[in-house]
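**Student:** Now for the letters of each chain:
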Amino acid sequence: MKENTNSSSKKITRKKFFIYAGAAAAGVYSLTKLPFEIFKSKVENSQAKEVKFKENSLAVKRTINTKSNG
Amino acid sequence: MDKKIFDISDKIKKDDEIQLVPQGDIEPKGEVNYWRSFKELYRDPEFIKAKKSEFTKEQLEKPDVSKMGGLSRRKFLALFSASAALAAAGCNDYRDKGEIIPYNKKPEEVTVGRPNFYASACAGCSAGCGTLIRTREGRPVKVDGNPEHPVNQGKICAIGQASIMSLYDPERLKEPTVKGSKAKWADVDDKILADLKNAKQIAVVANAITSPTFKKVMDEFVAAYPNTKIYSYEVFDNSTRKSAWQKCYGTRNMPVVKLEEAKIILALESDFLDTDEGHIENLRKFAYNRDVMSDREFNRLYAVEGAMTVTGMNADYRMRLKSDLIEEFVHCLISELLGKKKISNYATDGRLTPIFGRSILDDFAKKNNLDKKIVENLVNDLSKAQGESIVIAGDKMPESTHIAVNFLNEILGNTKLYSTEAQGFEVMALSSKDDMNALVNDMRSKKIDVVIHLDVNPAFNLAKNYKYDEALKNVNTRVAFSESANETTALCDYVLPVHTSFEGWGDYKTRTGVMTLQQPVVNPLYNTRQKEAVMLVWVSGKKESYRDTLYHEYLMDNWEKNVYTSIKPSIDFKRYWFAALQDGFVSYAEKPAANPAFITETFVNNARTNSTNDFVLLLQKHHSLGDGKHANNGWLQELPNPISKIVWDNYAAISIASAKELGVKDNDKIKITNGGLSLEVPVFIQAGLADKVISIELGGGRKTGGTIGTGNGFDTYSLMSAAGTSAFLYNNVKVEKGSGTYELVSTQEHHAVDDPVTKDIQYKRDIIREGTYEEYRKKPKFLQKDDEIHGIRLDSFPSINESTKEHPYYTGVKWAMVLDMNKCTGCNYCTIACNVENNIPVVGKDQVKVNREMHWIRIDRYYAGTPDAPRANFQPMLCQHCDNAPCENVCPVAATTHSTDGINGMAYNRCVGTRYCANNCPYKVRRFNYFNWRDRVGDGFYQTDPMNYMYNPEVTVRSRGVMEKCTFCLQRIMDAKGVASYEGRRVKGSDVKTACQEACPANAISFGDMNDKKSEFYQQRMHPLGYGVLEDIKVKPNVTYISKLRNILEPLGIEGMGEEKPGKDEKKEEKKH
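Residue numbers (our numbering), protein chains in the order written: chain A, 1 to 70; chain L, 1 to 1073.
Take these hints with a grain of salt, some might be off.
Some residues of chain A that are not near chain L, with every Cβ distance over 12 angstroms (derived) [what the hints assert, rightly or not]:
| id | residue |
| --- | --- |
| 1 | 14 |
| 2 | 15 |
| 3 | 17 |
| 4 | 18 |
| 5 | 24 |
| 6 | 28 |
| 7 | 29 |
| 8 | 30 |
| 9 | 31 |
| 10 | 33 |
| 11 | 52 |
| 12 | 53 |
| 13 | 59 |
| 14 | 63 |
One side of the interface only, derived from the structure: several residues of chain A facing chain L at Cβ under 7 angstroms [stated by the list, open to error]:
| id | residue |
| --- | --- |
| 15 | 19 |
| 16 | 51 |
| 17 | 55 |
| 18 | 56 |
Within a straight-line C-alpha distance of at most 30 angstroms, the following computed DSS-like cross-link-like pairs (lysine-lysine) qualify [to be verified]:
| id | chain 1 | residue 1 | chain 2 | residue 2 |
| --- | --- | --- | --- | --- |
| 19 | L | 200 | L | 229 |
| 20 | A | 61 | L | 574 |
| 21 | L | 75 | A | 15 |
| 22 | A | 54 | A | 33 |
| 23 | L | 179 | A | 52 |
| 24 | A | 61 | L | 988 |
| 25 | L | 568 | A | 61 |
| 26 | L | 568 | L | 179 |
| 27 | L | 179 | A | 33 |
| 28 | A | 52 | L | 229 |
| 29 | A | 52 | L | 182 |
| 30 | A | 54 | L | 106 |
| 31 | A | 33 | L | 105 |
| 32 | A | 54 | L | 174 |
| 33 | A | 54 | L | 105 |
Honestly, the hints are just simulated from the structure, not real lab data.
Predicted, not measured: the structure shown is a model, and the values here were computed from it.
The C-beta atom is built at its ideal place from N, Cα and C for all residues, glycine as well.
Here chain A stands alone, though its shape is the one from the complex:
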């Protein structure tokens, strides 16, 4: 019968694996959930892409000579 002479070292590797996996999971969680400023602007602006500019069609524009006003 063969003896498993290397079991303790395998156990250590597994332990290490779980530690690294746990740390990685915690890291990913922190990066996505916690308010790290490096990935996010302080200014909340969730709707920025929706901003559209359109002149109001009910307004009456001036027909002035604009040459002096750039």
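Once you've looked at the hints, dock chain L against the given chain A.
**Tutor:** Here is chain L on its own, set in the frame of chain A:
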């Protein structure tokens, strides 16, 4: 060349010889010593040392490599590989964005590349100024005054101009919330309608209601919910003046004062040229009689004040007097003019006789160290100019002072200057102190079930002893309409976002015969609604009644039924409406009621405000932030205070003697106790302030003011109580040294152009030239310099670049500017206009501290005289577009060059940022981008959408490492050239108006073609009072300054300025003989 001519070493004081000058010898006889701060006045060694360097120590500091974290080879390679991998991954799915085309379907009203203009109204305060809004491809990019508007005539204040930034503020409220959670408007309407129906008492809190149509909405709301009370308040409400007027004349409608007809003006603790109500109009009317190009006689302005104001700094005669003694001074004047000089029939009125004896002007002047000569001049001037003078007490003064001032104007016959054509108009009277007290008490005792805030912030700007925030918590349904989050929305369950003035409709009436219209120039950017429309929905009780055009239709309907029918124009309503919208206002004949007679009993029974020996606390309107509402606007935060030049903060200004008494210096905190209220505020020692007076601006210290607006300055509303002589003046205040310091940042010593290092000709460089109006009238050329200055012949002094002495290529238009220092009051509105037009970034307080503010035009403020009685000069300073520009010679990459029409231009993409040009600029007007400011300030606040859409597309947005400076609004010049070319003609000087010129309320700035000898501009440039700053170094500046004239009776006594000596021509004649 005679070497001796240039040997001027004996004329220049070496720095080592400069000692601290004792106060008594600050201005040796016959000389004038201009200074900007006490450090400069007393030749502080640190200040002298700092002035020697072009850049501050902090600016030159290199990073300390030893303190940096080490980066191993292994780490470097790992990061390098990771970044390469990420970059590769990021580019993997690069989207094809297609071709850039302006529009698939071009909107009818937009022409790509051309601006549209809309007349509208400013909602920055309750003044309702007419505006002209410039849009580009649908985006509003610039706001100016509406030139045709009868009241503000093309000018608006800093708040109005900077309001464009508030539209694009990324922190604006974007959708309704209920208890912090996003909600739908329909759900909000449902819930609030239910609460309104069940409410026993409803309170609506609003600012001054100046819109007749909105007043109608409110009337309908009260009709629908009869248990509603409306409370309208303004922090700066002019209420004491109005209540005094009512007591004196029996009406609250005050006539417009014809300031332009006043020969003598006496301002009593009044800042009618800057922060008091109607200052835009006042500035224009005041400057009208300060025009050297006209034959009109200069007016004479006297100021008596405890604080230092812009008005005081522009006065011909200024006397400092503790603010609670002003009223006594008025009584002394009345006694002198009536009791002694008997200038009016009131002198025989028996009721008044006992009053005269109580106040003796001579004794008062002696006791309070008033200059006897100035007091005599004042009395003589007022006596002579009866019916042509006006006395103005400040908005801050108590009612009793205004009553006394009304009487003084009455006995002087100054009522002739009260217009019979135009009166102020109150759509709805403001609530009284008692009303506001009742509101708070009712909230506290839970009598009020619903409170609706109409874009107001009482939790911040109502006097703190009302304890509004605590009382509000007792109300069941708390509703706040607001553009952005503030201290009041933080306490409300329903927070409803509203349109800005760029997105909504409105009308304003603040004066008889004029109605201003506000129209939306852009569709709403977010899920906001017009507050008036929401109120109409609640009036109807049906949430389905809402539509986007609801208030537009309501406004039109009201105008058709009420305005149109009362004016009765000859055209049909639709044409009338569209014409009114195009003009932005309607002006019609509305004769106000005749000005009633003065009620003498009011003055006889007027209880006087007593003075005390304690400190006086004066709470002032913030020069740029107003009541603090606009705190999240970085342009306004960074606009230097015109007096102290402090940015980003409010502070306690005190006199030197008061500082000594309290044992404090600049930045030390003092503890101010006003009744039961107290606050610690940092000190700024201010020249010209009366002793025992503390002047503080309101509007700082916001706690929920946004990324930019929170935490700057101090919440001085916490010193406001109902116990003052007015809401702004308290004369029983206890002051003691506080704990610690707080650093204030002032630009007053920045960018010095009279630096000893560059003083290569003479010590005094005549940067400021001033004289008296009397001297000018006798000899208009009295301030012109001879060829010789301090013994040195200028014509033999070598030019910086002899080869360009003659400029044969300036044959066409050559652009130049004239700045009239007689009109400039130092208001800084040109700076803010330049900021908006030219996309000038905000840099933040920490960067202003190290001289890195980016303003292209600054107002240099120079004092002369003693710290207690300084004479102030304001000098706008911008790129002078020198013909022999020293900046151009030193640029190694030719990034700054000259155009054929005289513009000193900048090629940003060529600039490599050596900063040699800034070093070589004698005027210190070049600004370097040490950072990408948009990214740096507020963690990318200014490059967050939609802020990016705010910028003027005609002007490059500069980034880090690039030098910039004034371009004379080159984009406007190019546009004018394009228009002229299209019209088949050559461009004219009058075709272009620079942004600063358009904004200047005093019309102090002119711009045009210096080669057009027929133009008025040319005449102005050639005016005998015109001079170039540092013209003696022969850089040939193209900005001409008109010397300052003071309308005083005594000579200024400055050597070389105005003294009787042969003029240039006469001297030449002498030589011939």
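**Student:** Confirm or reject each hint.
**Tutor:** Against the structure, the hints:
| no. | hint | in the structure |
| --- | --- | --- |
| 1 | 14 | 26 angstroms, holds |
| 2 | 15 | 26 angstroms, holds |
| 3 | 17 | 22 angstroms, holds |
| 4 | 18 | 25 angstroms, holds |
| 5 | 24 | 16 angstroms, holds |
| 6 | 28 | 16 angstroms, holds |
| 7 | 29 | 21 angstroms, holds |
| 8 | 30 | 19 angstroms, holds |
| 9 | 31 | 14 angstroms, holds |
| 10 | 33 | 19 angstroms, holds |
| 11 | 52 | 8 angstroms, violated |
| 12 | 53 | 4 angstroms, violated |
| 13 | 59 | 5 angstroms, violated |
| 14 | 63 | 7 angstroms, violated |
| 15 | 19 | 21 angstroms, violated |
| 16 | 51 | 4 angstroms, holds |
| 17 | 55 | 5 angstroms, holds |
| 18 | 56 | 4 angstroms, holds |
| 19 | 200(L) - 229(L) | 11 angstroms, holds |
| 20 | 61(A) - 574(L) | 15 angstroms, holds |
| 21 | 75(L) - 15(A) | 27 angstroms, holds |
| 22 | 54(A) - 33(A) | 36 angstroms, violated |
| 23 | 179(L) - 52(A) | 28 angstroms, holds |
| 24 | 61(A) - 988(L) | 26 angstroms, holds |
| 25 | 568(L) - 61(A) | 24 angstroms, holds |
| 26 | 568(L) - 179(L) | 49 angstroms, violated |
| 27 | 179(L) - 33(A) | 23 angstroms, holds |
| 28 | 52(A) - 229(L) | 39 angstroms, violated |
| 29 | 52(A) - 182(L) | 21 angstroms, holds |
| 30 | 54(A) - 106(L) | 11 angstroms, holds |
| 31 | 33(A) - 105(L) | 42 angstroms, violated |
| 32 | 54(A) - 174(L) | 17 angstroms, holds |
| 33 | 54(A) - 105(L) | 13 angstroms, holds |
Hints 11, 12, 13, 14, 15, 22, 26, 28 and 31 from the earlier list are contradicted by this structure; the remaining hints agree with it.
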